Amino acid sequence: MSPSTDTDTHSDDRFENLRQELRRGSLPLAVLAALRTEHYGYTLRKTLADHGMVIDEGTLYPLLRRLEAQGLLVSQWREEDKRNKRFYRLSPDGKVILKQLLIEWKGIHASLEDIF
Amino acid sequence: MELVDRYLQAVKFWLPRNQKDDIIAELSEDLRSQIQDKEAEVGHKLADAEVEPILKRCGSPLAVAGRYLPQQSLIGPALFPIYSVIIRSLIFYFLLPWLLLWMGIVIFSPDFRTDHPGATLFATLEPWWLACTYSLFFNTLSFALLDRSQARSHLVNNWNPRALPAVRDHNRISRGATIFQLTVVVATLAILVQVDAFHRVFHFFGLAITLSHQWPYFIWAITALNGAEIAIACLNLSQPRWTRLSASLRLGLDVYSWGLIYFLFRANLLQSLSSNDVPSSEAYKLVSSINLWMASSAIWVLVIGAVVVTFDVRRLLRVSRPA
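One line per chain: the protein sequences are A and B, in this order. The opening residue of the first sequence carries number 1 in this note's numbering; numbering runs sequentially from there. The opening residue of the second sequence carries number 1001 in this note's numbering; numbering runs sequentially from there.
No wet-lab data here; the hints were simulated from the structure. In this text, all values refer to a predicted model and were calculated from it rather than measured experimentally. A portion of the hints provided could be inaccurate.
Derived PhoX-like pairs (lysine-lysine); straight-line CA-CA distance at most 20 Å [as the list claims (entries may be wrong)]:
1) Lys46(A) <-> Lys85(A)
2) Lys1045(B) <-> Lys1012(B)
3) Lys46(A) <-> Lys1012(B)
4) Lys85(A) <-> Lys1012(B)
Generate the whole structure from the sequences, applying the supplied hints.
Pasting the structure below:
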């Protein structure tokens, strides 16, 4: 491998790490916002992916459990198309927190725009 | 679907007992939905080879299960830096020198190799292995317990900016150390005068010790060394900072003193011992053993001297660098 390819790979790795870090921070907000409408895991993933937030199952399901444990989501197992699926939606507390997070997010966005 | 079931079983193994079924049911539903969508896309039932990439993308069973587990660490980030410093010090200042010393003895001492032939040579490392195991184990255990105790928050949160150590000045020469050094040198000279060290025969507790004819030369060399040490100590007291001059003098003096000790060890200094209580044949053996031991230890004097001189050279390079 030539030195320039090495540097490119290193640079790509650094970008990828920072990109993932940036996205990881915004995932809970994206999930809470998407769950204003009820979804089960797979459709939630597809909805997020359709909006450009690709999230793998290994990240989404533990996150859903954490948010549910914090009381921000409620879930229910239900049968649909002859298969049992777990449906999630925002809890009343989740709605309040989502509102606060959106204000915070807009503030961060405005600050960054200001800095750029 | 056997491949999916095997995958789910592997994930399930690592999950918390009370959540296993719930998590597996949800993950299973997701994987089966993905496979169903893929089958609709390609128009046939997926073979194992086509299911495999879906599972691979999902992640290894251990990694997937790990994301459901609480983030745990044996030693948390608050205490880890202290733990790391202690372990590194233990390795670099205790275990590694011990290992190097053992290797040196093995390489330079044919007697040692003869006494411990074959695999028994490695058995002599047993104390080292035990020291490694115990020191690393008990340090790790202590820190893991400390991390889980009340003392941790006391240690981490109770601090005072005024109690922090002063900024370290590498070029400052401690007056206390210089005075200590001066005291040792003066005491050494006083002892040399007191025992009349320029003679070759000494009497202690009924024992007559005769040194070789080289001894007076060594005493002159030691006296000169002590004189130079006193001069440098006075210089350091008047100007307690390392300069090119003081660092060069320190380097020169350390080369001289460690070289002197090396030759002292190799000089077969002890000529004879005599006492009414010790038969002359025993005394002769004792003299030979002491001289042999000193000669074989001379290599370690060189090693220690080399370490000291390395520090001196580093100091000289540091003070010679433009600010």
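Hints, verified against the model:
1. Lys46(A) <-> Lys85(A): 15 Å, holds
2. Lys1045(B) <-> Lys1012(B): It is violated: about 26 Å lies between the C-alpha atoms, which goes past 20 Å.
3. Lys46(A) <-> Lys1012(B): The given pair, whose Cα atoms are some 25 Å apart, is violated under the 20 Å limit.
4. Lys85(A) <-> Lys1012(B): Holds, at roughly 18 Å.
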